[in-house]
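Chemist: If you read the protein sequences in the order shown, they are chains A and B. Going by the working numbering, the first residue of the first sequence is number 248, and it counts up by one from there. Going by the working numbering, the first residue of the second sequence is number 8, and it counts up by one from there.
Source of the hints: derived by calculation from the structure; they are not laboratory data. One or more of the hints may lead you astray.
Quick list of simulated restraints, FRET-style, between CB atoms [unchecked claim]:
{"no.": "1", "chain 1": "A", "residue 1": "L421", "chain 2": "B", "residue 2": "C148", "range": "33 to 41 Å"}
{"no.": "2", "chain 1": "B", "residue 1": "V67", "chain 2": "A", "residue 2": "I340", "range": "34 to 42 Å"}
{"no.": "3", "chain 1": "A", "residue 1": "Q315", "chain 2": "B", "residue 2": "G66", "range": "24 to 32 Å"}
{"no.": "4", "chain 1": "A", "residue 1": "I539", "chain 2": "B", "residue 2": "D136", "range": "25 to 33 Å"}
{"no.": "5", "chain 1": "A", "residue 1": "D441", "chain 2": "B", "residue 2": "R12", "range": "30 to 38 Å"}
To be clear about the criterion: a stretch of chain A counts as covered by chain B if any three or more of its residues have a C-beta under 8 Å from a C-beta of chain B, and this derived list gives those stretches [as the list claims (entries may be wrong)]:
{"no.": "6", "stretch": "300-310"}
{"no.": "7", "stretch": "324-330"}
{"no.": "8", "stretch": "370-379"}
One-sided and incomplete, this derived list gives chain A residues near chain B with beta-carbon spacing under 7 Å [stated by the list, open to error]:
{"no.": "9", "residue": "K279"}
{"no.": "10", "residue": "M281"}
{"no.": "11", "residue": "G282"}
{"no.": "12", "residue": "S283"}
{"no.": "13", "residue": "P314"}
{"no.": "14", "residue": "G317"}
{"no.": "15", "residue": "V319"}
{"no.": "16", "residue": "G320"}
{"no.": "17", "residue": "P463"}
{"no.": "18", "residue": "P467"}
{"no.": "19", "residue": "Y469"}
{"no.": "20", "residue": "V471"}
Each residue gets a CB set at the ideal place from its N, CA and C atoms; glycine is no exception.
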Amino acid sequence: MPCGRELMRFADEVVEGSQGELSTKTCERYMKAMGSLLLAETADEAFQAIVSNREYELIAGGTTTFPQVGPVGERRVGLISLHMCSELSGVSIVDDEVSIGAMTRVADLLTDPIITSGAQILAQAARTMGSRQVRARATVGGNIAVDRPDQTLVSALLALDTRVQLLTSDGTSLVALSEYLQARGHSGGPARRDALVTAVFFKPTSDFSLFTRVGPTNGPGYPVVSIALIVDRGSKDVRLALGNVGETVFRAASAETFARQEIDWHNGIATAETCAEFGALAAADSNPATDIAATEAYRRHAISVMARRALEQAFEVETR
Amino acid sequence: MTPERISYTLNVNGAEHEVTDAWYFESLLNVLRDHLELRGTKYACDGGQCGACTVHVDGVAVNACIELAAHAIDSKIVTIEGVSGQGRAACVQQALLRGGDVQCGYCMPGVVMAATSYLSEQPKPCAEDIREALSGNLCRCTGYSKIVEAVEAASTEDVR
Numbered sequence: 248m249p250c251g252r253e254l255m256r257f258a259d260e261v262v263e264g265s266q267g268e269l270s271t272k273t274c275e276r277y278m279k280a281m282g283s284l285l286l287a288e289t290a291d292e293a294f295q296a297i298v299s300n301r302e303y304e305l306i307a308g309g310t311t312t313f314p315q316v317g318p319v320g321e322r323r324v325g326l327i328s329l330h331m332c333s334e335l336s337g338v339s340i341v342d343d344e345v346s347i348g349a350m351t352r353v354a355d356l357l358t359d360p361i362i363t364s365g366a367q368i369l370a371q372a373a374r375t376m377g378s379r380q381v382r383a384r385a386t387v388g389g390n391i392a393v394d395r396p397d398q399t400l401v402s403a404l405l406a407l408d409t410r411v412q413l414l415t416s417d418g419t420s421l422v423a424l425s426e427y428l429q430a431r432g433h434s435g436g437p438a439r440r441d442a443l444v445t446a447v448f449f450k451p452t453s454d455f456s457l458f459t460r461v462g463p464t465n466g467p468g469y470p471v472v473s474i475a476l477i478v479d480r481g482s483k484d485v486r487l488a489l490g491n492v493g494e495t496v497f498r499a500a501s502a503e504t505f506a507r508q509e510i511d512w513h514n515g516i517a518t519a520e521t522c523a524e525f526g527a528l529a530a531a532d533s534n535p536a537t538d539i540a541a542t543e544a545y546r547r548h549a550i551s552v553m554a555r556r557a558l559e560q561a562f563e564v565e566t567r
Numbered sequence: 008m009t010p011e012r013i014s015y016t017l018n019v020n021g022a023e024h025e026v027t028d029a030w031y032f033e034s035l036l037n038v039l040r041d042h043l044e045l046r047g048t049k050y051a052c053d054g055g056q057c058g059a060c061t062v063h064v065d066g067v068a069v070n071a072c073i074e075l076a077a078h079a080i081d082s083k084i085v086t087i088e089g090v091s092g093q094g095r096a097a098c099v100q101q102a103l104l105r106g107g108d109v110q111c112g113y114c115m116p117g118v119v120m121a122a123t124s125y126l127s128e129q130p131k132p133c134a135e136d137i138r139e140a141l142s143g144n145l146c147r148c149t150g151y152s153k154i155v156e157a158v159e160a161a162s163t164e165d166v167r
């Protein structure tokens with residue numbers, strides 16, 4: 248084994264004695280470590296490492312972390328890697344839901360039959376993300392956990408009504424992706440340190456779905472804005488997620504409510520006026536920033552056009 | 008040795024290489040170029056955007072500048088030095104030369120590595136697919152049409 252095996256001391260654990268009294272004992276566990284690099288092999292190991300080394304950086308695929316790394320030898324505290332957590336990788340069906348492990352590579356979303364048949368919108372988003380080289384390393388969990396409003400997969404996952412599985416000190420729990428994004432805060436910093444994203448779950452869908460974006464180039468690059476639209480004719484639902492026009496990716500509530508009410512579900516018709524208003528409301532729901540890539544006005548305009556065109560496409564409205 | 012300096016073994020181009028006193032956060036690109044002196048893999052954007060540092064890790068094309076070197080322990084790494092003049096890479100290299108596609112040449116090791124990896128997955132791609140597959144490899148001299156034509160031409164050749 249090329250890696251040294253090092254004794255790691257983890258956080259104290261509260262234990263209950265025979266008389267009901269509480270005390271603490273120090274837990275000592277073994278974990279693969281190479282100097283300041285901790286290589287977790289299970290989700291549990293990774294979480295323990297995170298809570299015991301709160302100042303350490305967490306790395307999954309590395310595509311977001313590495314561009315921020317300074318020169319060789321720059322003083323950093325330490326690194327926890329999820330690279331060896333194979334249990335966090337893979338796509339499966341669990342209780343009629345699609346489950347995607349946090350360490351599943353974005354490239355796998357393009358070829359996995361569960362995704363290409365039951366979550367085309369995610370495959371569409373994945374195809375626009377980075378280059379082949381980047382997709383080979385970027386992970387689904389990293390895309391969610393890293394605090395950026397322009398992460399490509401998140402808008403598609405929000406439109407899919409995704410729930411995030413978190414490992415915390417209380418065990419495993421599921422929270423809505425929208426709640427997770429809100430709770431994560433918008434510090435622009437790394438992933439939250441009290442929870443490890445282990446998987447995402449959503450219902451497979453064969454309904455109309457469309458992910459589209461405006462980017463700096465046709466090729467790799469973070470989207471300037473993105474939208475993800477799912478129209479579920481069975482349950483008369485419209486779900487529209489907007490990327491990079493707010494502090495985090497979010498659902499366009501006004502536009503969704505309007506569309507649910509105005510679409511003629513019985514005859515499967517959305518008028519051109521409905522589509523135009525849908526786009527206008529999506530733009531109004533937005534709160535974009537001006538930065539080096541685009542102005543606030545440009546982003547708002549792009550959202551209105553993209554949302555309108557997406558709904559037109561869903562109902563095959565003749566475009567003007 | 009401080010905890011920030013670590014040593015390990017990497018399998019590169021079929022041979023075991025001892026890496027000693029590497030920074031634990033060091034990229035595969037740095038380790039290849041500075042520790043193992045394999046400088047065919049080029050340093051450029053250092054952010055996973057240009058593809059000049061493309062290598063294969065277990066057969067998958069990745070950007071070495073955003074690959075943690077320690078993650079590649081137990082993997083088989085192949086660099087341009089390991090494929091040059093052999094198999095499908097030779098076809099790609101010859102097609103690039105024939106087409107006059109190489110000007111400064113700095114991006115070419117990455118292009119060859121990315122194209123070779125792609126052709127192993129898609130042996131007979133169309134020009135549009137090649138263009139998309141190589142979208143992570145930037146060239147600032149030649150432009151892309153000739154590169155795409157060369158890769159398409161290479162895909163039609165028999166590999167010796």
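Chemist: For each hint, tell me whether it holds in the structure or not.
Modeler: Hints, one by one, checked against the model:
1. For the pair L421(A) and C148(B), the beta carbons lie near 51 Å from each other, so the given range of 33 to 41 Å is not met.
2. The supplied range of 34 to 42 Å is broken by V67(B) and I340(A), whose beta-carbon atoms lie about 26 Å from each other.
3. For the hinted restraint 24 to 32 Å between Q315(A) and G66(B), the CB-CB distance of approximately 28 Å keeps it satisfied.
4. Here the CB-CB span from I539(A) to D136(B) is close to 32 Å, well matched to the stated 25 to 33 Å.
5. Range check, D441(A) to R12(B): Cβ separation about 31 Å, and the 30 to 38 Å hint holds.
6. Only when three residues or more bring their CB closer than 8 Å to a CB of chain B does the claim for the stretch 300-310 of chain A stand; here the count is 3, and the claim holds.
7. Beta-carbon proximity to chain B at under 8 Å applies to 4 residues in the stretch 324-330 of chain A; the threshold of 3 is reached and the given coverage holds.
8. Given a C-beta distance limit of less than 8 Å, the hint that chain B covers the stretch 370-379 of chain A holds, as 3 residues qualify and 3 suffice.
9. Interface hint status for K279(A): violated, as the beta-carbon distance to the closest one in chain B is roughly 10 Å, over 7 Å.
10. With a cut of 7 Å, the hint placing M281(A) at the interface with chain B holds, because the nearest CB-to-CB distance is about 5 Å.
11. Residue-level restraint check for G282(A) holds (minimum Cβ-Cβ distance to chain B is 4 Å; threshold 7 Å).
12. Below 7 Å, beta-carbon pairs count as interface contacts, and S283(A) has one with chain B at about 5 Å; its hint therefore holds.
13. With a least beta-carbon distance of about 4 Å to chain B, the hint placing P314(A) at the interface is held under the 7 Å criterion.
14. This hint is violated: G317(A) has a C-beta 9 Å from the nearest C-beta of chain B, more than the 7 Å allowed.
15. Proximity of V319(A) to chain B holds as hinted, the smallest CB-CB distance being about 5 Å (cut-off 7 Å).
16. The interface hint given for G320(A) is met, as the beta carbon of that residue sits about 5 Å from the closest beta carbon of chain B, less than 7 Å.
17. Look at P463(A): its Cβ only gets to about 11 Å from chain B, farther than 7 Å, so that hint breaks.
18. At a threshold of 7 Å, the smallest CB-CB gap from P467(A) to chain B is about 5 Å, leaving the interface hint in force.
19. The beta carbon of Y469(A) is not positioned within 7 Å of any beta carbon in chain B (closest approach about 11 Å), and the interface hint is therefore violated.
20. Because the closest C-beta pair between V471(A) and chain B is about 16 Å apart, greater than 7 Å, the hint is violated.
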